[in-house]
Amino acid sequence: MITAVAERPCMVCGDGSPMEPAWARIVAFHQESSNTASYSLQFVDPEKRKQYQFLPGQFNMVYLFGVGEAAISISSDPTCCDTLVHTIRHVGSVTFAMNKLKEGQCVGLRGPFGSHWPLESCRGRDILLVAGGIGIAPLRPAIYQLLKNRDQYGRVILLYGVRSPQDMIFKEEVEEWQERRDFQVLITVDYPSEEWTGPVGVVTKLLRRVRLDSQRTSVFVCGPRVMNRAAAHSFLSHYVPEDQIYVSLERNMRCGIGQCGHCQYGPKFVCKDGPIFSYASVRNLFGKDEV
Amino acid sequence: MKNRVLYTIDKRELDKLIGILVRDGFKVVGPTIRDGAITYEEIESTRQLPVGWTDEQEAGKYRLKRRDDDNLFGYVVGPHSLKKFLFPPKQRLFGIKKSGEDGFVFEARQPEPPRYAFLGVRACDLAAVDVQDRVFKQAMSDPYYAKARNEAIFIAVNCPEPGGTCFCASMGTGPRCSTGFDIALTELKTTFTAEVGSTRGQELIEALEHETTDANTSHLVDLMMDIASEHMGRSLDTNDLPSILLENLQHHHWSDVAKRCMSCANCTFACPTCFCSNIEDQTDLTGEHAERWRTWGSCFTLEFSYHTGGYSRSSPAARYRQWLTHKLASWHEQFGVSGCVGCGRCITWCPVGIDITKEATVIADDYRQSRSRQESASLEEVGS
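Protein chains in written order, with numbering that gives the first Met the number 0: chain A, 0 to 290; chain B, 0 to 383.
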């Protein structure tokens, strides 16, 4: 379902045009795994800091001086917009350059962009979150919201798949979540270490360990393409309604405002109609090759 | 048909009109001959128009030819459209430099557009501007486009002689200009009739020697346009076309077209509505200055669909399918109109003559025929 842009927080950017970034300072840095780190950022301009708000699942365009821009989801608590966090895996030119920055240095930001996890319309339902690797980053703001308003939802379950135990990010937090009685957290790895005693295999295999009440469950999925596909199809085969399966899709976002055309997915602009789509709204495209 | 008030002006008044526009600070852009084609360039006099010339257009073919009269607008559209003025092919969006400890300051911003007066533009070009408005003038508008477009004056010309690749009648955009102009001219032997579309247009007409067109001439113009509608070089049945195309993403014809398509992107650059762009960030050698540039992009290039997971559309078949289904189908869902205005540029300027009307029709006819076969089969079943 497309969320009307009017309901979303206003975009913060430079003052000249929507394509100009605003400057934000790195105020804290946390190494999450060998190739992934979290950066806490604050807009330099206090006005922009005050103005900035986002919803869980939205993203910013992060600009590195002369290198370029990359679409990065926001991984922090949406109720604390003063400082926002990007959790970044260093894989591309922009994210590699990000790795060289130190606390106190600046990046450019434009955002927030895109649709969000439908926490409002899913009130009263069981929420099943499925994360693959770095895919947990855009789900974390939703988790914060769910736990803060825990009484408004049915069961809350996280299925989290990572390549190996060392690749797990938000480790301390995930361990805290596992301690909670009102939050079921299941983790699986592809390549176990010697100490690993938990499940091994793809994240969809964890479904067997969960009691799924398909008619009252909403599913939020974010991971690599293959995982998204497998997860969506296995929930469909468990009779979760098509309009209650939400998937965050990855595409080449360049402008964030539906003008450059790069992120088109059939009639959808992933940057503004997505990145989060209900399965029902992309049924005709989902899983088709070369669309 | 709506009741149009027409004025008649002598052809010589056109130079006076250009003079007024130049005096008022407009950059007058009109058709002129350059490199063997009629393109839109800055002009200062009617002498620069392709007086007495016409164009012959077919799939993959464009030739200029002498007319046996001295008409000023006796041709249709060339490879250029208004796109290159409102949405420049290459534009610097900003320039910044490092300043102090880890800070940056803006050195350059997106430029201010000139005030344009577009002369001799066609109904399909006006329709294309309306289509691009829906891309660049929404909630998050492009400041350059919005300003250039809002301040521009459009002196349009109706097309009494459609070209070989024209199909604006099928797309409902021409050959007569219906909206979006300040003045719409129809060229007759020694005069123009002028229809006014705005108060600015009215003021310009008032400044010229003019008289109200008599009923006979007005009727003649109607007749000329009706005949033009019936003499389009191409046609396209748009009935249910968006849903038919989207239901046939796996049709074998996409690969058939791909065998001919060179993925050269000519069609997207000639197209007056294609709006995709690339964003390029770069630094100078000192590393102190950085710039962001926006250049026209094309869904026909491989890198267009690149993302960290790979290429979304690696085959030419997928890229042609993306372009055609975007133009004729998904554009409706995105912007509430077709992305095709029927100008025929993509057909003329395709080096191998791929014809959007033909390719879409192959798929649509195939689908319509198989559906009617199914329907008659199910009727027979009911009957027996």
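A couple of the hints might just be wrong.
To be verified - Which chain A residues face chain B? A few, computed with CB under 10 Å, are given here: (1) Glu-6; (2) Pro-8; (3) Ala-36; (4) Gly-200; (5) Gly-255; (6) Phe-268; (7) Lys-271; (8) Gly-286; (9) Lys-287.
To be clear, the hints were calculated from the coordinates, so they are not data collected in a lab. Built from N, CA and C at the ideal position, the CB exists for glycine as well.
Consistency of the hints with the structure:
no.: 1; hint: Glu-6; result: 12 Å, violated
no.: 2; hint: Pro-8; result: 13 Å, violated
no.: 3; hint: Ala-36; result: 17 Å, violated
no.: 4; hint: Gly-200; result: 22 Å, violated
no.: 5; hint: Gly-255; result: 8 Å, holds
no.: 6; hint: Phe-268; result: 7 Å, holds
no.: 7; hint: Lys-271; result: 9 Å, holds
no.: 8; hint: Gly-286; result: 12 Å, violated
no.: 9; hint: Lys-287; result: 7 Å, holds
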